[in-house]
Amino acid sequence: MNDPGRLTRRSLSPRLSVYRWQPAMIASLAHRVSGLILVLFVPLYLWILHGMTGSTDDFERMQQWLHSGLGRLSLWFVGVALFYHFCNGLRFLSIDAGWCESRMMMRLSARVVIAMAGVAALLLAVLLLG
Amino acid sequence: MKLIKEPGSARSGFRDWYLQRLSAVVLAVLLPLSFVVLILVYTGHLDQFGLLDIVDNFVSRLLHTILIIALIVHAYMGLKVMIEDYVPVIGWRVSLIGGMLVLMSGFGIWWLAIIWAWGG
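Those protein sequence lines, which keep their order, are chains H and X. Note that my numbering has the first sequence beginning at 1, numbered continuously upward. Note that my numbering has the second sequence beginning at 1001, numbered continuously upward.
So that you can see chain X by itself, here it is in the shape it has in the complex (with noise of 0.2 angstroms):
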């Protein structure tokens, strides 16, 4: 048994699935949400200011927020798997979730700096 032990081994294999399941749930209630106002912002049912109207207030940043750390989470969680079933070699496996990690951050941080200085 003492062979399993290695980096992605199942250590912590429950709290990821769990936390994959939760963030799961939570982007189930708001990501159609955001798919909605990406329609009809499309189709020219919504303009610019009624975007800032839907947006620019307190609750609508706690939820894209929420929303923002359950996509990254999620994201971070499921490609991780895939990394760890499909890149068989150690050193890739850690540099590409390494490096996954440190772009999603950015991305994350870049995301809520354009969504809490919006409006102002």
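Pulled out of the complex, with its shape left as it was, chain H reads as follows (with noise of 0.2 angstroms):
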């Protein structure tokens, strides 16, 4: 604790006023924005189960507030946040169990997996909106 000022003022990874943005750059900061938004959701669940545990009348609201517009933007966030948090997660577990770990290939994978979740966000829409 010397100089604590001028050593922990500072964020440490990814910086993002450093770096140019690349696509495993904006893979790495989407698998964080995303996990975030799953724990802030968190009170949701909760509330889910307990429309799922509780009475039938319970139950009745929590699949009437699904179905309103709020309840199905929320399931599309979840959902989206979820599926590229899965995708990316099985990235990074391959990237730690030394598979795909060339520059070029971390790249290219962070491509597929977002463009995964954009196929997805979109049949996601389409599903939820039906």
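Derived, one-sided and incomplete: chain H residues facing chain X with beta-carbon distance under 7 angstroms:
1) 32
2) 35
3) 39
4) 59
Keep in mind that the hints were calculated from the coordinates and are not lab data. As the structure is a computational prediction, the values presented were derived from the model and not from experiment. Backbone N, C-alpha and C define an ideal beta-carbon position, used for all residues, glycine too.
The two chains are supplied separately, each in an independent frame; assemble them into the complex guided by the hints.
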């Protein structure tokens, strides 16, 4: 703790203002953002669980809310965040295991995962609006 | 090198990293199942009694418990890393991580209480 001011007052990674934006960096940041979204929706999961485990009225109320505009939007956010976090999580695990570790493969897989999430977002929107 | 040894340093780094991956593997298997159940409830393919049939037995409860524990470990490790990266002031950092731990434990206990009490 000789010089805490200089050492600690900066963010460590990924340093947004320093590096040029690359697919792998976007994938990493999106992993954090989607993880944060999934955590922020925790009260909703508890409420849904309450509706599922409660009385028939509770269940009906939960179903009605899920089919409302806000409910569908929430399901879309959670679904897309979960799908992306899942796919990119598998990508991270494979990189940790030593597969597809080259710079080119990491960039390519980042693009693939982001594109898959885009398609999933569209499909889920169609499903929820239909 | 002395400078680096402060709260949030790399002392427990490998254990955290390992737990993060271990919980990720558990979640990768169990979480899609729960999401499918949620979608089936949403679309009406599964009513409340059908749901009870699936969840109201020992194996489901055990899997559900493992899921919640892995979820809390994973979310805790992930948010902790984010806070350590983007919250530079030590006081804030420690308070946020502590508050998060309390909230997540509370959430987990509440959730498990519902799961194990359900159906009776």
